[in-house]
Amino acid sequence: MRALLFALAQLPAATPQTGGYMRAGYIAIAAIVGIYGLYLWSRYVAARRKDRGR
Amino acid sequence: MVFRKWRMLLWAAAAALNAAGLYMVFFFVPEEVTMGEVQKIFYYHVPSAISSYLLFALAFAFSIIYLWKDEPVWDTLAHACAEVGWVFITVVLVTGPIWGRAAWGKWWVWEPRLTTALVLWLMYTAYFLLRLFSGHDPRTARVAAVMAIVAFFDVPIVHFAIKWWGSIVHPPKVSLEPEMRLTFMVTSAAVLCMAAALTLTRAAIGFAEAEKLAGEAR
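Chains A and B, in that order, are what the protein sequence lines are.
Mapping of the first sequence onto the working numbering: residues 1043 to 1096, in sequence order.
Mapping of the second sequence onto the working numbering: residues 154 to 371, in sequence order.
Treat the hints as calculated values from the structure; they're not laboratory data.
Bear in mind the structure is a predicted one, so any value in this text is a computation, not a measurement.
The beta carbon of each residue, even a glycine, is placed where N, CA and C say it ideally should be.
Please note that a few of the clues may not be correct.
Stated by the list, open to error - Pair ranges (Cβ atoms, derived):
| id | chain 1 | residue 1 | chain 2 | residue 2 | range |
| --- | --- | --- | --- | --- | --- |
| 1 | A | V1087 | B | V186 | 44 to 54 Å |
| 2 | B | E369 | A | R1065 | 41 to 51 Å |
| 3 | B | R295 | A | R1091 | 28 to 38 Å |
| 4 | B | F313 | A | L1047 | 47 to 57 Å |
| 5 | B | W261 | A | R1091 | 38 to 48 Å |
| 6 | B | P291 | A | G1062 | 46 to 56 Å |
If we strip away everything but chain A, and leave its shape as in the complex, we get (with noise of 0.2 Å):
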């Protein structure tokens, strides 16, 4: 046993579990461009609307 905590102590150490930042990192790129999107999109559908009208 002892050798075997000796054995796992001697391997380099292991890549720090930041995958949970990585992900709310993209979730928020999504929002930010996705909430604006939705803005442009009202706008668009709107001036569109507008342009139909006339």
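Position chain B against the provided structure of chain A, taking the given hints into account.
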């Protein structure tokens, strides 16, 4: 509405490149050893910063032309560029602290690049507040043009902040593995196409709304 063909083309390119870019980020590019998966924020964080710099530069140029020629078309273009640039600098300021929390253990550090980037965001926020609450008269457009010109001077300060004052968190130069470089090139093209598509769409909407306002005034 104007730019229809270009808008369609850019939206199609943005959709295809973003699909490829996201696939590469999540399934192709290797994990960075010291920071882990969070480093993958880099592939959209940096291209968003580049896009915002370019759009603010265009807003700066269009504002100068507007002040010089006094034609509303240049004001509409400057407004569209500044608005989409603001969206991308917001992406940078939101993703930066998420990355920073995992990599440095802090959400925010008052170091030169972060501080000057926040100042840039605040200046363009002031630009939109001015436009939002001052109506559509030419005087507002002229004051806004001056604001866009002044605000742009912060862009080189943000970019060279590390070189001029040093930084405890941002490296002066980044070296990438070949797979990382390829992924970065694809995501950069994706973000630039998306920025161009959003800007042209926003400009087309601006022209249609200005036409409607002119029609009502007649």
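Hints versus structure:
Between A/V1087 and B/V186 the CB atoms are about 48 Å apart, so this pair conforms to the stated range of 44 to 54 Å. In this structure, B/E369 and A/R1065 meet the distance hint of 41 to 51 Å, their C-beta atoms being roughly 47 Å apart. Between B/R295 and A/R1091 the CB atoms are about 31 Å apart, so this pair conforms to the stated range of 28 to 38 Å. Between B/F313 and A/L1047 the beta carbon distance is about 51 Å. The supplied range of 47 to 57 Å therefore holds.
Here the CB-CB span from B/W261 to A/R1091 is close to 43 Å, well matched to the stated 38 to 48 Å. With their beta carbons about 50 Å apart, B/P291 and A/G1062 fall inside the hinted range of 46 to 56 Å.
Checked against the numbered hints above, the structure breaks none of them.
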